[in-house]
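Under the working numbering, think of the first position of the sequence shown as 1, with each following residue one higher.
Treat the hints loosely; a few may be bogus.
What the hints assert, rightly or not - Here are the in silico distance ranges between beta carbons for each label pair:
#1 64 <-> 20: 18 to 26 Å
#2 35 <-> 66: 44 to 52 Å
#3 60 <-> 39: 29 to 37 Å
#4 41 <-> 63: 30 to 38 Å
#5 34 <-> 60: 40 to 48 Å
#6 41 <-> 7: 22 to 30 Å
#7 51 <-> 25: 16 to 24 Å
#8 37 <-> 63: 38 to 46 Å
#9 20 <-> 59: 20 to 28 Å
#10 37 <-> 15: 16 to 24 Å
Simulated from the structure, these hints should not be mistaken for laboratory data. What you are looking at is a predicted structure, and each value in this text was computed from that prediction instead of being measured. Ideal Cβ placement from N, Cα and C applies to all residues, glycine included.
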Amino acid sequence: MKLSHFIRQFHRWMSIIFTLLVIAVIVISTRPSPPEWVFYMPLPALALMLLSGLYLFALPYFRKASA
Numbered sequence: 001m002k003l004s005h006f007i008r009q010f011h012r013w014m015s016i017i018f019t020l021l022v023i024a025v026i027v028i029s030t031r032p033s034p035p036e037w038v039f040y041m042p043l044p045a046l047a048l049m050l051l052s053g054l055y056l057f058a059l060p061y062f063r064k065a066s067a
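Based on the provided sequences and hints, a complete structural model is requested.
Here it is as structure tokens:
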């Protein structure tokens, strides 16, 4: 399996996890005075998606440069 295929699959699964975390934060924030750490739950998933998304964005440009 190529690295780009693995990163693409990873990015897809992280987007599902991120979406579920955001929905959970919205549900939890409707309750009175939720803990502050709840609002930071999606950030690790978002950071991983940023890194993998930047790689996937730059991948076609790297392939053109090497061809």
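Each hint tested on the structure:
Checked against the given bound of 18 to 26 Å, the beta carbons of residue 64 and residue 20, roughly 36 Å apart, lie outside it. Between residue 35 and residue 66 the beta carbons are some 49 Å apart, a value that agrees with the proposed interval 44 to 52 Å. One distance hint, 29 to 37 Å for the beta-carbon pair residue 60 and residue 39, holds here, with the actual separation near 35 Å. Our hint of 30 to 38 Å for residue 41 and residue 63 holds, since their Cβ atoms are close to 36 Å apart.
Distance hint check: the CB atoms of residue 34 and residue 60 are about 42 Å apart, consistent with the given range 40 to 48 Å. Between residue 41 and residue 7 the CB atoms are about 23 Å apart, so this pair conforms to the stated range of 22 to 30 Å. Distance hint check: the CB atoms of residue 51 and residue 25 are about 21 Å apart, consistent with the given range 16 to 24 Å. For residue 37 and residue 63, the hinted distance range of 38 to 46 Å is satisfied, since their beta carbons lie about 41 Å from each other.
The given range of 20 to 28 Å is respected by residue 20 and residue 59, whose C-beta atoms sit roughly 27 Å from each other. For the pair residue 37 and residue 15, the supplied restraint of 16 to 24 Å holds, since their beta-carbon distance comes to about 22 Å.
Checked against the numbered hints given earlier, this structure breaks only hint 1.
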